[in-house]
Structures are given as structure tokens and as C-alpha cells.
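Put chains B and C on the given structure of chain A with help from the hints.
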Amino acid sequence: MFPLRAIDVKIEIKRKRLIGPINLEIKQNGISILLGANGSGKTTLLEAIHGLRKLSAGKVEWTISNSLAAAEQAFVFQSPIMLRRTVAENLAFPLKVRRISKSVATTEAMIWAKKIGLEEKIKQQAVLLSGGEMQAIAVARALITKPKMLFLDEPTASLDGATKKAIEDILISASSNGTKILMSTHDLGQAKRLAKDIIFLHNGIVEAHCSKEKFLAEPPSKAAKQFLEGDIVL
Amino acid sequence: MRALLICFMLILLQVNSALAKKVRLAVTSSFHNSGLSDHLIPHLETDLEIDLQLIVVGTGQALKLGENGDVDAILVHSKPDEEEFVKTGFAKYRREIMFNEYVILGPTNDPAKIKFSDNLLEAFRNLSKANTEFVSRGDLSGTHKKEIEIWEKINFNPKKIGTKYISVGSSMGKAINIAVAFDAYILSDKATWLNHKNKGNLEIQFEGDLLLHNQYSFLPISKTKHSHVESQLVKKIEGWLVSEKAKKLINSYLIEDQQVFTFNAE
Amino acid sequence: MNEISQGLIQAFWLVLSFDSELITISLRSLYVTLTALTISTLIAFPLAAFLAVTHFQFRQAIIATLNALMGLPPVVVGLIVYIIFSRSGPLGVLGLLYTTSAMIIAQVIIITPLVTSIAHQSMQELWADYRNLLISINVSKMQSVGILMWDSKKALITASLAGFGRGIGEVGAIMIVGGNIDNATRVLTTAISLETSRGDFALALALGFVLISLAISVSFATHWFGKTERGGLQ
Chain A
0 MFPLRAIDVK IEIKRKRLIG PINLEIKQNG ISILLGANGS GKTTLLEAIH
50 GLRKLSAGKV EWTISNSLAA AEQAFVFQSP IMLRRTVAEN LAFPLKVRRI
100 SKSVATTEAM IWAKKIGLEE KIKQQAVLLS GGEMQAIAVA RALITKPKML
150 FLDEPTASLD GATKKAIEDI LISASSNGTK ILMSTHDLGQ AKRLAKDIIF
200 LHNGIVEAHC SKEKFLAEPP SKAAKQFLEG DIVL
Chain B
0 MRALLICFML ILLQVNSALA KKVRLAVTSS FHNSGLSDHL IPHLETDLEI
50 DLQLIVVGTG QALKLGENGD VDAILVHSKP DEEEFVKTGF AKYRREIMFN
100 EYVILGPTND PAKIKFSDNL LEAFRNLSKA NTEFVSRGDL SGTHKKEIEI
150 WEKINFNPKK IGTKYISVGS SMGKAINIAV AFDAYILSDK ATWLNHKNKG
200 NLEIQFEGDL LLHNQYSFLP ISKTKHSHVE SQLVKKIEGW LVSEKAKKLI
250 NSYLIEDQQV FTFNAE
Chain C
0 MNEISQGLIQ AFWLVLSFDS ELITISLRSL YVTLTALTIS TLIAFPLAAF
50 LAVTHFQFRQ AIIATLNALM GLPPVVVGLI VYIIFSRSGP LGVLGLLYTT
100 SAMIIAQVII ITPLVTSIAH QSMQELWADY RNLLISINVS KMQSVGILMW
150 DSKKALITAS LAGFGRGIGE VGAIMIVGGN IDNATRVLTT AISLETSRGD
200 FALALALGFV LISLAISVSF ATHWFGKTER GGLQ
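Chains as they are written, first to last, in numbering that gives the first Met the number 0: chain A, 0 to 233; chain B, 0 to 265; chain C, 0 to 233.
Be careful, since some hints might not be right.
As the list claims (entries may be wrong) - Examples of chain C residues lying across from chain B (beta carbon under 10 Å, computed):
id, residue
1, 87
2, 88
3, 90
4, 160
5, 161
6, 196
7, 202
Unchecked claim - Using 20 Å as the maximum straight-line C-alpha spacing, the simulated DMTMM-like pairs for lysine to aspartate or glutamate come out as follows:
id, chain 1, residue 1, chain 2, residue 2
8, B, 244, B, 50
9, A, 147, A, 159
10, B, 198, C, 2
11, C, 152, A, 118
12, B, 20, C, 181
13, A, 53, C, 128
14, A, 101, C, 2
15, B, 78, B, 151
16, B, 173, C, 2
17, B, 246, B, 37
18, B, 173, C, 194
To be verified - One side of the interface only, derived from the structure: several residues of chain C facing chain A at Cβ under 8 Å:
id, residue
19, 9
20, 12
21, 61
22, 137
23, 142
24, 143
25, 194
By construction, these hints were calculated from the structure, which means they are not laboratory data. Quick reminder that beta carbons are idealized off the backbone N, C-alpha and C, glycines included.
So here's chain A without its partners, still in its complex pose (with noise of 0.2 Å):
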């Protein structure tokens, strides 16, 4: 499946460009962490790469068909997309779509629901719990069919320490076990803390693909510069 090659994608609305042109190559190993002040176009390049998105111009290529590619993708959205079901239900959501057995998905379920501590809530609506919750019930739920990449859209943006450090545990594990993890945040910390490689955007263009250190220590562009320093990227 991998490498994942990006080759002069752009995306347009109405003439006005939001991401591109984006020549990017991502390679299996390790943890990916797209980096990017607010507004850099980290939402738009994550939906499209994963295909939720039209291109209005290049494609995106793995070594296997995108149909089959498809079926080994999952996606953590920023704000936590809750059906309106059980805990239980939530996540045993794409095993049954899979037509997975019953029994199996529930156990699975069981499983992931004991991971991030909320066993006693699984028959609960999942709408009606906290924010930090759900998110670790979208977490679980995009693992929950073993995928091989994942996709996370600032995952624990609005969330508070406990339940951020709670989740990104859960990735390393995920990422050690075989699922290649393309991440976006614009919280440093959470780069330096969990990322191989380094993708910086800036206006919809990738100014930078590099390892974290060497990001870190020759910072590749002034808009680089100004986010590492703490300023306003404009």
C-alpha cells in the first residue's frame, strides 16, 4: 500500500485556491504529523488525500488500486461525528458494516470500550457524553478494524490533559502495532512529542517534509520561523 504519493494536487472553490500544488510522499513507518497554523489548509489536504474531497487538479496514489486502498483507511474527524446509538453501537459500527458476526463485533467492542475507560458507559448514548469522550470513542472507533493508515484532523484540539494524553498513548500503541498514523495539529508540543517525519503547511503549500529534528533545528521557511517562535503565522 505504501508509499501514499500526493502528485500536484490542488483544490479550488470557485477560483480561489485552498490547498496546492501538493507533491507529497508518505511512507509507512512511523508517526506523520502535518503541522500548520489555523487556516493553513491541514483540514482540506487531510479529507482530500483520504478521498473526501474532490481534486480539482493531480491525484493521489498508493501501490494498490484507491478502491482497495479505500477499505484500509480511517478517519478521526476534529469534532467527533457521534451516531446516534450506544457507546457499544459506536464502536462496533464498522465491523458490522463489514458484516462482521455479531458476537465478534461486541467483543471487539468490549475490547476497545476497556482501552479508554469507559466499560461502564457502553450503553450509554454516545451523544450525551463529554467532549474528550467522544472523541477517545472516535479514536477507538476508527482502530477498531485494525486499519492500515489513519487519518486524525487535530484529534485533541479542545481537549484537556488527562484525556489528550489518554489518546495519543492509544496512537503510539496503534502505530507500533502496524497502523501508519498521518496526524495534523497546530500544538507543537504534541509534534515534538509524537512525530517521525514533520509535514509544515503554510498557505496550502508545503513549504517542508522533513524528519523532526532536523525541522526543529533549521525551521525551513520564515512562516516556519514564526511558528516555532510562537508568533502570529500570517
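Here is chains B and C on its own, set in the frame of chain A:
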């Protein structure tokens, strides 16, 4: 929920299919609202072992239903319309069954002073001159056509009365309700009036003129025009309606101790 | 005002005495409207879900038409159905006129646009939320339709009740196509019309109160039934 529904459907389907031979008769509201049909029809159904379905509509609609073949026969009281109906072949003939009377209803204080008029025409002349409300059926029913006939006889266009001439386009009963609300005069058949429960401040102010004769006739729909009509059963019904038994039942039907219908079939 | 209290008292006695004619016409009212409602929901719900989920050229036009059809005057529907099923009409051979079947057909035509519009309104909102998640999980369009319908249960119940209300109180159409035939097609509303034209306002009101109670009972029963299904949550 769904199980309940299925039960309902089964129950009612049973009821529907268990019924005897069905005949549909369109009758005018004055025949029904007088209560005569409730008095008469059960006997007919038992004697002939048929299920007579009455569709109570205005004269115009009854004729239309007959024309379309949606009923097997009609019972109406509008001679000119009936004759036209026969002429166009939708019924082969009309059979007179019974008659009742029209009356003029009005408020108890009789502002138009028609109570002691010499005859019907004088009563209507008084109505044309008085400044009081008059409710008209306005629906080209038998009753409405009778009213028009009387206005024409005194050479008066009721529209000249202006806003006090209230044309409602409803059945007899509903028109009476409106007359009660307006404390107005109205031409009604006597049977419907006597049986009507909302009499308000109205009472019979004029009756008894020959012109107020109201003839009911039975018209079987022609099988030539509509091959599916139940002609055999309709013939039986007609036979029953002109029988001695029907005569007795019709003449003995009393409302407030008064006979309202008179059998006159030949 | 006196008639209203008279009506209430008469309604009370009618019900208590299990007046057989009252029971028959009440059951018939329920039969006609509930059957029409069932058929209507079988059309409306999938249609509404489909419209929410698919985007095609005529979608907006269809939705606008459905909304407009809510304003269809029932008596006009009755007239059109009469003309179609009259012996002189195209479907006259079916002999459906003056039967409860014709009444059901008329009510289906009247109720469906209303139920569809209300259902669609909710499902459209839910789809706006679910869309990205379901596309990401590779849920097929058909599956999406099913998921939307299931997760919109509460809104669908509301839509059904609205349809029920419209149908149970309807009189114009069923009077024309049913004929208000004693022991065959007489229902509560047509009986009320008849008693009004007879000037028996007390009885008409009594029947009216029975009708109102019936409608309220159905509403309560539906809500109660719905709650026990979902274990008392939401």
C-alpha cells in the same frame, strides 16, 4: 404496532366480505335527513336480503353518480332534471314513489308578515319586499329549483334583495343551520325540518299551497348505458318501494306526530 | 356553550355504554387512517432518506414539489380519486369506489407529502452530520439510507404522528370517495358532518370528542411504546 394493524384489517375484511348482495342507491339529503330512510330501508333489506348502500348527496351529485354508473339507481325530487336524465337515456324511466311538502320557515316574529298570506305567490312577494334575510340552497338541488320556480312565477330576481339573499350551496340540513344562525327565512321540505334538531328561533310560517308539492321519484340506471348495474336487484327494490308494505311504512312515518310523506306510486 | 358541555357528557356516555355503532365507526376510522399511514411511511421514509443522501439533478425540484403538495386541499384529492376510480373513469373496473380501499388511497395521497417532508427535514440534518463519517467508513448508499432511517427514529415517529393527525381528521376526500355509507364507509369525521347537517350538534360534538381522545391515545401510545423500546433514554 404492525401486528395490531394486521388484526384490524383482517377483522374488517371479514365484515366486508360477509355482506349480502350489494346495491348502491344515491339519494338526496332531504330523503335521508327526514329520517325516512332509517325507517324504511331496514325493512327493505330484510325482505329482499340485500345490502342497500345509501349514498347521501345533493341532487346534482346524485344525477352525476347515476350518469357515471357509480350507483345502480337514484332517488331524487327534481322533475325537470329527472326528465332530462331519462331523455339522455341514463334511466329508461322515472317512477314516482311518494311526495311531501315544502314549507317556508321563518323567525317567530315573522317580520316579513307571510304567515297570513293568501297563497304562496303572495308570501314570496312579501319576502321580496321585506328587508329580511333569506337563505337559499344555491346548489341547483330539487329544493333550490323549486325556489327558483317560485321566484320566476312572481317575476322577481332574488339577487335584487342584495346581501340579505344568502346563497349557501349546501345540503338542506346545513342550510337550515345557517338560516337559524341568521334568523332568516328559508324554503325547506317539511320532513327535514321536523327532524332537524337545531331549530333555533325558526318555525313554519307558511305551508299548504299546491305549488309546494315535492315529488320523489326512483330512477333505475339503464343497463344499456352501464352494463355492470345490478338491474335485477334494482327491479326488486323498485317493486318493494311501490308495494303495499312500503305504502304502509311511508304513510305511517310520523315526526312530532305528523305524517310527512304520502305514498303515491301507481 | 351549552352544546359543548352537552357534547362532553354525551361523549362520556357513548363510550361508557360501548355503543356498538360508535365502536364500529371508530375502528373503521382507525383502520382507514392507520392503513393509509403504514403505506405512506413505506413510501415516505425511504424516499426521504434517499433524497437526503443522493444528489442528483432534480433533487431540489422534487423536494420543493413535495413541500408544495403538503398544501393539497384534501377535497380536491378526493375529487380526483373519485374521477379516476369512477365507473366511467380509467380505473373504474376495479370497483374500488365507495369502499374503504378508495378512502385509504385518497388518504395515502394526502398524507405522504407531509410525512416525507417532515422526515426529510430531519434526515437532511442528520446526514449533514453523518455524511463524512459514513463515506469514510465506505458505507454504501443503500446502507446509508437504512442507517439514516434507523437513527432518525424519533423524528420519523413525529412525522408519522403528523400524518396520522392529518388523516384521522380528514373529511373532504373520504366523503367523496367513500360516500359515508352507513355500515360500510362511515367514519368518525363523516359521521360528525352528517350529524351537523342534521342539526344534532351535541352528538356531533360528542363524536368530535371521541375523535380527539382517539388521536391523543394514539399519540400517547406511540410515545410510551417508543420509550420502552429504547430503555427510557432520549
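How the hints compare with the structure:
1. 87: 4 Å, holds
2. 88: Holds - the Cβ of residue 88 of chain C comes within 10 Å of chain B, reaching about 8 Å at its closest.
3. 90: Cβ of residue 90 of chain C sits 12 Å from chain B, so the hint is violated.
4. 160: Violated - the Cβ of residue 160 of chain C stays beyond 10 Å from chain B, reaching only about 12 Å at its closest.
5. 161: At 16 Å from the nearest chain B Cβ, residue 161 of chain C fails the 10 Å test, so the hint is violated.
6. 196: 3 Å, holds
7. 202: 8 Å, holds
8. B/244 to B/50: Status holds; Cα separation ~19 Å.
9. A/147 to A/159: Distance ~28 Å between residue 147 of chain A and residue 159 of chain A Cα, so the pair is violated.
10. B/198 to C/2: 14 Å, holds
11. C/152 to A/118: 26 Å, violated
12. B/20 to C/181: Holds - the C-alpha atoms of residue 181 of chain C and residue 20 of chain B are around 15 Å apart, at most 20 Å.
13. A/53 to C/128: Between residue 53 of chain A and residue 128 of chain C the Cα gap is close to 19 Å, so the pair holds against 20 Å.
14. A/101 to C/2: 61 Å, violated
15. B/78 to B/151: Between residue 78 of chain B and residue 151 of chain B the Cα gap is close to 17 Å, so the pair holds against 20 Å.
16. B/173 to C/2: 17 Å, holds
17. B/246 to B/37: Within the cut-off at roughly 15 Å; holds.
18. B/173 to C/194: Roughly 10 Å between the alpha carbons, so the hint for residue 173 of chain B and residue 194 of chain C holds.
19. 9: 46 Å, violated
20. 12: Violated. Min distance 46 Å.
21. 61: 24 Å, violated
22. 137: 6 Å, holds
23. 142: 7 Å, holds
24. 143: It is violated, given that the least Cβ distance between residue 143 of chain C and chain A is near 10 Å, above 8 Å.
25. 194: Violated. Min distance 46 Å.
Hint violations for this structure: numbers 3, 4, 5, 9, 11, 14, 19, 20, 21, 24, 25, all remaining hints satisfied.
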